[in-house]
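Colleague: One-letter residues, chain by chain:
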Amino acid sequence: MTDSRWRALLQRIVYASTFERVVISLAALLLSILVGGVLILVSGRLTTCPTAAATYLGVGFCYDPITVFDRLFFGALGDPMNPLFRPFAGEFAPPFRAGWSPFNSEMAVTLRETAVLIFTGLSVAVAFRADVFNIGTQGQLVVGAITSAVSLTALGPVAPSGIAGSLLLIPAGLLAGAIAGGLYGAIPGALKAYADANEVITTIMLNFVAAKVALFLVSGPLQRADSQIAQTEPIPAAASIPSVLFDARTGFSLVALAVAVCTALACYYLLNHTTLGYELRTSGLQAAAARYAGVKTDRTIVGSLVLSGALGGLGGAIYVMMIVGDFQTGVPSYGFDGITVAILAGSNPLGVLLAAPLFGIIQSGSIVIDTTTNVPPQLVDVLRGLIVLFVAMPEFFRQFGRRFFEDDGGEIDG
Amino acid sequence: MTTAVQLDGITKRFPGVLANDDVDLTVEQGTVHALLGENGAGKTTLMNILYGLYEPTDGRIVVDGDERSFESPRAAIDAGIGMIHQHFMLVEPMTVAENVTLGAEPRKWGGLAVDADAAVREVAALSEQYGLDVDPTAPVETLSVGVQQRTEILKALYRGADVLILDEPTAVLTPQEVEELLSIFDHLTDQGKTIIFITHKLGEAMAAADDITVLRDGQTIGSIAADDTSREALAEMMVGREVLLEIERPPVETGSTLLTVKNVSTPSQRGVPAVSDVSFSAHAGEIFGIAGVDGNGQRELIELLTGLSTPASGSIVFDGEVITHASRRERIERGIAYVPEDRHAQGLVMPFDLVENGLLGNQRTSSFANAGRIDWAACKEHASSIIEEYDVRPPNPSASAESLSGGNQQKFIVGRELARDPTLLIATHPTRGVDIGSTEFIHEQLLALREAGVAVVLVSSKLDEVRGLSDRMAVMHDGMFVDTVDPDAVTEEELGLLMAGEHPTGGEQ
Ligand SMILES: Nc1ncnc2c1ncn2[C@@H]1O[C@H](COP(=O)(O)OP(=O)(O)OP(=O)(O)O)[C@@H](O)[C@H]1O
Ligand SMILES: [Mg+2]
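Residue numbers (numbering that gives the first Met the number 0), protein chains in the order written: chain A, 0 to 413; chain B, 0 to 508.
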């Protein structure tokens, strides 16, 4: 392609409308499935197996791409589709399988992951709108999680039991996580605003600090009395978020998901309908214009990282109160996945509500593939990576292409 | 005579806007061609098409007799077309020679290393040949705007440009620098180069150009030889009506002192004082002008007044209260409006639409935000009323600021700041890039503010503008006020000397 074609393409992506962006993302998803399918076939040829999983054009393959993607997407939803529903073959049976309930355990895993990813995705997205690249959501989540666990165990003995206890403890746990995460976010914020320290570097370092300090605490001073592994005392039963409609053992709560969705709506409202959000977006896009408008950009930077950290901390509290019931080491990389969620969402809180479920499905579907097929987990990881890469790439180009055109200067001029 | 550039039926459509509509333009080799037209007429778009930045929707580009289609500026440069944008694209800390040769450096050791000495030599020779008078070893950040512009010209020449396009090159220059630029045009055309330049100043077009083409609403109104026309006729062609080119300043009773600046000083980044010991006052119903060559501390002084920075020493009193260290926010709330110098970086948030830009600086005003919640309906109404009153085109409040032409951006900013109902207005280059019709309107608005008892501090590089509008006028040089004069009494020569830092009577200050 020639120079100008690339320019034109990039320009189209940069200035694409919301609808176009959704279409582009879906097309990228489809493309990643095609490429992934080829990859599955090729690796299926390169391995040996007693019986072929699939035969195409007379050639046998050890792994079947159709099964893999069926497990990944539909397995993650608990197999909703009726096998007799084949619209392309002209058979129109009811599309949903009889006996399929949306409250199945695979769906629970999908939504459970989605709930936490909404928080971490929002955390990264909100900071990004202020032109702050917060890589530290993971650390903020860890700090929020451990603080929430510890304060709940401390509050447990004094709290009333039953519903009253839940009504007190659950908000308290969320608040503790948010405050701790917010304060932890304030550190890189202050360093950036007042000491000109690059937030990418400081937040990465603070991720390590959070992980190491947490490890020290749970394998020493805060370790559960009778436990062999590094974990805190369990939080009081009244503090775990009640699961509604879903089996409690799945570790998923619709209440938590509702809190996540409301938080996303609140973030959207904050960014688009309040003075604070306007100032945050203005200083993110053009700091000089923000100063001209009387915005204290230093404070906005600190504020955006506090908010970002608080959202990460909330994610940590939800993780403790919904999933694990205590704090233990080995927190999954929700914070890092939040970065991809935010990029895919175009840093828009409503976009996060669309991007997070996709990642939830991929997480949950990979577990289904691992348990129901012979496809090695490494290959599943590669497929996951492919999807993430393809789907996030156009948005990535959009956000960085924007800078390219701005630096270029010549596009729009006096 | 041969034709250097011929544009034939060029049409360019942006979503919802027809920026160029079947435009024809013929430029003879070795001549200076001026492009005139109101804000948003499509001048910049047309030149961006010739320079390969935009692909035309329709039409032919013929350069030196060959039909061409440029896919990128690189292709246009290879065909001998260079463009100097209003915003310079120079790397500030690098020297002139480094900037000029950037990306096309002379090589030594078989191409292994940049030959810095050869670069300096070549740039010096080029500068000499075209009478540009630029020191190749000077770092760009130390140069005045005029010299930076000449560096851009050198950059284009170094890449082999035969046709030079300049988009409003004189908007940022002082009258002295304009003279110099126009004589450089002569040097260039004498040696066979062709020049196309965009301007809003009719006098300049008449003086410098051989031919003039006027655009209106994206269409060619006509091309005419500069010798066969008059300012009045050109104005009529551009606007479609007669334009009053004089500024009438009716006498107004000045009121109380609103702004008192006492002995303020501030260091610049390089340690030398950017503003040193400046004192003045401005009264209600008065326009106080500040004239001077750009870069003599005007920007720093204005930042002290508007609260973007605070002075190292001295005091500022506004409406009876000391505001020396008051924040920008506080000053906005006290009724100080500010038309900033840099509309792209400060005055507008480029990706925002006009509704959002109308809120800039007002985001904590009770009429637009209630308890931290923005009233977007009120904002939209506000933007629409600015658009209507200041004739911002296209009249669409949901257009992004970056899609507006330069002059329309400026009109929107002026409209927003004047709509603040200020007690004190600080306006830097309020009509920069604005066409004559709208300039006239903005002048009227400034005079109306003055009549309404507002104090105005005006900085402008247009001498006629400061002289015509100001009741009193200070001349700034090297961070100091050389003198404060009566703009009606001072002569052009005296002003020239003052701006060079000399007292007509007393010698160097
Ligand atoms: N990238 C763009 N997207 C949409 N509209 C655009 C874009 N660039 C220019 N326009 C529109 O095209 C028209 C012509 O703009 P152009 O910048 O060429 O005007 P101009 O003659 O240079 O005006 P000025 O004297 O104010 O600089 C304007 O209405 C402008 O809003
Ligand atoms: Mg223009």
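These are computed hints drawn from the structure, not numbers from a lab. Yeah, the Cβ is synthetic: ideal placement off N, Cα and C, and Gly gets one too. Warning: the hint list may mix true and false statements.
Chain B regions said to be covered by chain A (calculated; three or more residues, Cβ under 8 Å) [as the list claims (entries may be wrong)]: (1) 286-298; (2) 364-375.
Which residues of chain B face chain A? A partial, calculated answer using Cβ under 10 Å [stated by the list, open to error]: (3) F279; (4) A283; (5) T309; (6) A311; (7) T323; (8) R330; (9) I331; (10) E332; (11) H343; (12) G346; (13) L347.
Colleague: Grab the minimum C-beta distance from H343(B) to chain A and call the hint holds if it beats 10 Å, violated otherwise.
Modeller: holds (8 Å)
Colleague: Holds or violated: is the Cβ of E332(B) closer than 10 Å to a Cβ in chain A?
Modeller: holds (8 Å)
Colleague: A closest beta-carbon separation below 10 Å is what the hint needs, so does R330(B) meet it against chain A?
Modeller: Result: holds, 8 Å to nearest chain A Cβ.
Colleague: Any CB of chain A closer than 10 Å to the CB of G346(B)?
Modeller: Result: holds, 7 Å to nearest chain A Cβ.
Colleague: Tell me if T323(B) is really an interface residue toward chain A, meaning its C-beta lies closer than 10 Å to one of theirs.
Modeller: Where the cut-off is 10 Å and the nearest Cβ of chain A is about 17 Å from T323(B), the hint is violated.
Colleague: For the stretch 286-298 of chain B, do three or more residues have a beta carbon lying closer than 8 Å to a beta carbon of chain A?
Modeller: It is violated, with 0 qualifying residues against the three required.
Colleague: Quick check on the hint: F279(B) CB to chain A CB, less than 10 Å?
Modeller: violated (23 Å)
Colleague: Taking the closest Cβ pair, is I331(B) under 10 Å from chain A?
Modeller: holds (5 Å)
Colleague: Grab the minimum C-beta distance from T309(B) to chain A and call the hint holds if it beats 10 Å, violated otherwise.
Modeller: violated (13 Å)
Colleague: Checking hints one by one. Is L347(B) an interface residue toward chain A, by the C-beta closer than 10 Å rule?
Modeller: Hint on L347(B): holds, closest Cβ of chain A at ~7 Å, below 10 Å.
Colleague: Under a C-beta cut-off of less than 8 Å, do 3 or more residues of the stretch 364-375 of chain B approach chain A closely enough to confirm the stated coverage?
Modeller: holds (count 5)
Colleague: Interface hint check: A283(B), Cβ to nearest Cβ on chain A, cutoff 10 Å. Holds or violated?
Modeller: violated (24 Å)
The structure is inconsistent with the numbered hints 1, 3, 4, 5, 6 and 7, although it conforms to all the rest.
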